[in-house]
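*Asks:* Using the hints, put the two chains back together into the complex; each one sits in its own frame.
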Amino acid sequence: MLLTHTRVATDMSAFLPRAATPRQDLLIGQLQHGPAARTIMVSLENASPGSLASASDALADKLAESHTFGLIANGAFERRTQDRNWLFTHRYLLSATVTTERFTPEGLRQALNVSRERLGTPSGDLFRPLMAQDPTGELAGILEGMDLQQGPAMRNGVWFDGSGARALLLLEIREAAPTVEMQSAVKHEIEQVFATVASPEMRMILAGPAIYAVESRNLIEHESLIFTIVAAGLIVALLAWVYRNLAQMILVFIPAVSGILAAVVLVSWYYGTMHGITLAFAIILLAETIDYPSYLLLQTSPGLPLAVAARDIWPTLRLAVLTTLVGNLAMLFSGIAGLAQLGLLAVIGIAVAGLVNRWVVPALAPRQRHTASASWVPPRWLGKMLQPRLWLTGVAALLALLILAVGGFSWEDDLGSLNPLPAEMKMRDQRLRGELGAPDVRFVIAVPAPDLEQALRGSEALRPALDTLVREKLLTGYTMAADYLPSHATQQARLAALPDPDQLRQDLPGAAQAAGFRPDALAPLLVEIAQARLLSPISIRDIPDKAWRLRVESLLFTQTNSTVALITLKGVTDSKALSERANRLAPALLIDLKQEIGGLVVSYRQQILLYSGIGMLLIMVLLFAHLRRIGATLRVVLPSLLGMLCTVAVLHLCSERLNLFHLVALLLVLGVGINYALFFNRAAADHVGENRVLFSLLICLVSTLIGFGALAVSSTPVLHSIGITSFCGTAFSFLFSAWLTPKIRTPPLPLAC
Amino acid sequence: MQPLPATDYRCFVWLWLMISSVALPAAAQTAAFEIPQLMQILAQVETRESAFSEKKILALLTEPLVSSGTLRYRRPGYVERMTMAPRQERFTYENGKIAIESNGRQRQFQIRDQPALGALIESIRATLAGDEESLRRHYQLRLAGTRAKWSLEMLPVTPDLVSRIRLIRISGVQDELRQVDILEASDDRTTMTIDAVRH
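Residue numbers (the working numbering), protein chains in the order written: chain A, 1 to 753; chain R, 1001 to 1199.
For reference, chain R alone in the conformation it holds in the complex (with noise of 0.2 Å):
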């Protein structure tokens, strides 16, 4: 590598500086930013749209199984998923409620019945309206990162949440979500990116 030339190396200082005297504050922050205020930040938002691809490593697979679609979320409890590929479905999860529309017939269960995907689902749901309560219910938390950038790893609590997932981490920028990974017992994970919220 070429020695920079000295006005150029100038030029380097007054980068960091620049640089610094943005990311010092942002340390500060780090230390104050914790999981009610993450709550606080994402609770505040009325409704989000945005577009999803998710890719699934499966022990029955080959190749990685990658779906897209849009994710709907309206304050505190409507959460839809439109997945668009491979194969078009509408998911619906309200009040304890998950209806399923696809190829022009909808079904409705209970959440009661299925209780591991229920969890699953409250993860996401809890998360995106700031209830944390609902979260230590079956999770135990853990935030890493800062206000900008933050990743919430939630470690299963209840025995069969357990038996069944191992981690997920949601990961996001502000208010917003930008990444969803489950790691399920079975070793099989799923990695959910999303795109920039359109309000």
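This is chain A alone, in the form it adopts within the complex (with noise of 0.2 Å):
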């Protein structure tokens, strides 16, 4: 019951870092909540100009319909704004260039001057009609001071790109932390609505974060189920050569199954969701918890007792599991949410499958085995390939220790480098977000404050040093949320600003005539002016325009007993000078989001890698307690060591950056490669068995290979990270497991009772 409803959650950012600052996590919450986490961006395309501009126009008339959106923009602006006359009556609060010197003699000239100006072309004469009212024009202002979309070029009167081929539009989800299924359904939705406005042949490409939620969750989930399947088919193939019976091919399924079902039904039950990524790890578990019953099964003399041959076996399977168990548990610690899943669901599954192996196994196995091991002699050149051979490992090693030491060794900090998706759909993200001049994703500041009026105050007071900014051409514009509403304080400064009646009847009239306006025309001024200071502040709720309302919303990220308003940056030139300049902004916080989360990586890099020293310590400390030896602990531990070694060279020699997935599959390889160790140390000591025992741990290999192969091909980063890593690292482990195994001649270890 819980297995059918377990969710499988494929939520990318559950493989974030957990915050280690307030900083951090207020980046964390921009990533996953911010203005720009919400955008989505629309083209269309394969039809002509006009029909693709009528198409944008329906859709955007459509989406309005529903309250899915926020913002919906396709170059038509006025759509946004439907409220005049709420802005109208609050003019004097909006309007920026209300201040005390606009209402003297002077002020007044000069801000009629403008508005006699303004007469002279089309959209100032819009105004003509509220002249009287309004002569100093802050409606005008208002409407002209916001921060309109400057990207895209228009065409047909709505936004295409720059080869006027894709009509475009901008959405942004109205709901400020959306889950994947109502990210699924915003999509859902767009689709909808556009195949009831396109022609047949028109075509709609969606991008931004929601999507990409949406199709990383899609591609991941499509991506486990066939590798899965491929995976599992390869297995079954082989497992059925060479038990040759059904009875026990299914005994060899079931450590593994019993293990995974365990460790699903409780990995679920403790998180409530699984994340599709941990899913995905099922198939290492099946590959390497499928070894434990053919190393039973395939090295007991055929007519030993079953029972008496996993007695005989368990110190080596014990160990084998409990050092597994220990390499994992350092996951288990990481402090992100996936990778603790990923422990819990690895260190479950294992001792569950190992204890089934030892007690129920040998319970279930019919009297009469056969199998293919038992009439198995290694091929020539097998056997000659798997002879000690101290000095090519030395070599191989070496080998490795150069190729890192030439070609310099480097991590991948860009966490772009753990997004699933493809690299295609960041390009067409990267080329929509450049043609509709969307906020710059990279740079946001953050002003962090106790409430809203502190958050709205401190956008207020960075406006001289952001106009610097663009007076310097580092940026070439800036939208904040002071912009929609202004502080109390700064709206009760301008209601205070506005001029007495009394004085301004004395002074209109001279200002008037001095700017070319008849005196007497401007009169409904001093009515105006009168009722405005009769104005309270106004307040969020206060907004009865839905759009305006959420332009506020959108830049604003409010926490329990905090408010962080947010100013997003456009046309940032130069971010390095920018960033030196950060301090200017002080307390305001400009966070680069790309080093920033270069930061938490490296952080958490540090953790995974104290975390995996710790688990490489406990292993050791168990091998030694078992084996009393330090040559034989390090005959166990060496092969792997040296495996992982060589796997990064040879990730190096593919040029792939080491990234925190590669180091989470090196210490799965630790766990696989001490198993071949341990098994060929014991085959070394037990002179009879000895082909047996080396074709179990062939079969081993193999599979483990095709579960870490199909993983390998994957198109997801995050899965070919640790297929070629685990595949690389199984078949060295292996290599080097033979290659350090010495022949009978010395002592055996301790592994038999």
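There may be inaccurate statements among the hints.
[As the list claims (entries may be wrong)] Pairs of lysine-lysine residues, derived as DSBU-like cross-links and limited to a Cα-Cα distance of at most 30 Å, are as follows:
#1 R:Lys1097 <-> A:Lys187
#2 R:Lys1055 <-> R:Lys1149
#3 R:Lys1149 <-> A:Lys62
Keep in mind the hints are simulated off the structure, nothing from the lab.
*Replies:* This is the structure:
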């Protein structure tokens, strides 16, 4: 029941490290819920510009009917601000030009001059009917001063890309923190509306974080399924050849299946949901735990009762299980939800599989056993290949070290490399974002404050510094919540700046005359000012215009007892110079998402290295406790360590930069590699069963390689990283285990009871 | 005034005959010069570009407000007014959509959001394109003059236009527009003079 209800959560943000500082907390919040994260970019193509433009309009109109989006922009700006009456009534609170100087005789004359000139253009002439009431042009100023989209080219009245072949729209999801299910519903809604407005040949391309979340989930789920089927199919074929008997084959799967079932049920119960990636790791688990019954069934001589064999092999197998368990334990404490889940899944799965193999499998085994191992003799070339070769191992290790020393070793700290999306999709995002002039996603200024009012005041205080940056051509513009909703303090100051009606009655005629206005025509201003003086400052709840309010909300990031105002930047040309001037903005923070995420990844990697170091130490202690000799311990550990070294060298040769997932896969290699070394050493101790042990090891190796190989060809970078690392690592560890295990001459390790 | 010398008088008669020989066919044309013909000759022009100057006499202002710039037109639906003085602004109209560019910023809106302005722009656009049908949707039309010098008067018929505009008069020479007068209900009036066409 629990298993069928296992929710597969594929949100990659679960693999983001947990925030260590408030700044990083803010950053992750911005990443997951900020305006940039909620933006969907739409591109319509493959039709004539005329029909694309009509489709763009129809799409915008229909999407506006539902309440899914806070912002729908396709170039027809007026859609966004419909409630002009509200704006007009509150113009003296919202207009930045309302100051005491504005209503002095000289200030009035200047404002009236601008208004008169405005009448000379068609757009200014639109304000003529309001001119008597608003002669200083506050409404015109508000509308002109707003940050209007500059980016896209216009064609047929809507946004088009530079080539003129695609109509562009920009949508912003209203929901502050949409789940993947919501994002999926949003995507579906857009697609459905598109189907009703588009001509048959027209195509639509969607881009944006919300879309990627949905697409990457689909991709991962799809790939997980395919690879599970392919890998499982191949492994079944292999086992069918080895065991030649359905009952025995089923027996082989029992520890693995019970391990996975137990792990999935417990992980789902404990976390509520399970991540798609975590599920994909089930393949690795499957490949590894299938080894356990193989060791048992294939190494036992046909005549021996399996219960006795299980007891014989248990010390070795127990050590194999325990070392893998300890190696995976590190992930449990990694602090990343996705990896902790993985650690838990591995620990439970392996423990259960090991126990089932010890106590359940022997009881269920058929009395008459016949496997391919009984009569198998290793071909001469294989025997030769697996001869002890200490010098060759040394050469390989030196070569690996040389490659790494010459090539230089580098980590991949760009979180983008962990993004499950193919590169093509990332390109599409960049292109559309550029065309649309959507806010720069790399830089954002955060103004943390205890409450909304303080956050708005903090933003307003930054204007001089930001304007300087614009003058220095480091950016072309910025948008802040206070542009749309000034702080109460500012609104109060503007109210206070409104002149006394008697004073105004005295000053207005002179100023009007000087600016070429007929004084009596401007008499309505006296009434307007007197009424405006009675207004009280507006709050976010008072804004009746939906689009206006959502614009404010999208630039605010409210937490339980604090508010962060976000300032988005446009046209950042020189990011280095901008970062250098960030101190001018204090106490607000200039957040360079790219750099901050890089920092997060580095601190996370150090954590992983620390935990895997501890894991390694625990494995050594465990082995030493069992084997009681340093030489023997090294013989078991060294093949895996050298295997890891050579794998890193191979990855380097493939010009893959090491990321976190490579690192985690290396940790998994360690567990598998130690198993091989343990059993090679056991084979060396057992003269009679040597061939059977070798055969069982080969079968285990091949089935493991199938599982990891399936991952290595995945187009999802995360799965690919894990697959290729584990594939190489397993193969190397196997070879080195064989090469470093001395022939019978040396005293056997105390592995048999 | 001194009496004209005889030789000069003969010269005057000759001149009069010359003029009437030109004017008579023109007078004959007047009878035949109807709105469809005007529309037809206007519809044949593909592109236009001319300088303009505009004088607004407004109740708000003590002095007429003068502005100037360039007009551009491309058949059948693109109209652009580039105002250079008193402040720069590029105003374009195409397919029911208006785009305004000033101070490096661009704004767009639908004509349906500004119906009165829309009808006004449409009166110019439809005249330039020779689109009689569109003109008659908003105005009652009256043509005066000849092909060589005509004047088309438009009287609004739709209620929201009637409340704002009393009369629009477009005058022209052959297929060129030379002057647009707009008389508003508020008595505000605008006169736009258009220079000879530069094709």
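*Asks:* Hint by hint, say whether it matches the structure.
*Replies:* Here is what the structure says about each hint:
no.: 1; hint: R:Lys1097 <-> A:Lys187; verdict: holds (29 Å)
no.: 2; hint: R:Lys1055 <-> R:Lys1149; verdict: holds (22 Å)
no.: 3; hint: R:Lys1149 <-> A:Lys62; verdict: violated (49 Å)
Figure legend: structure checked against the earlier numbered hints; the only hint not met is number 3.
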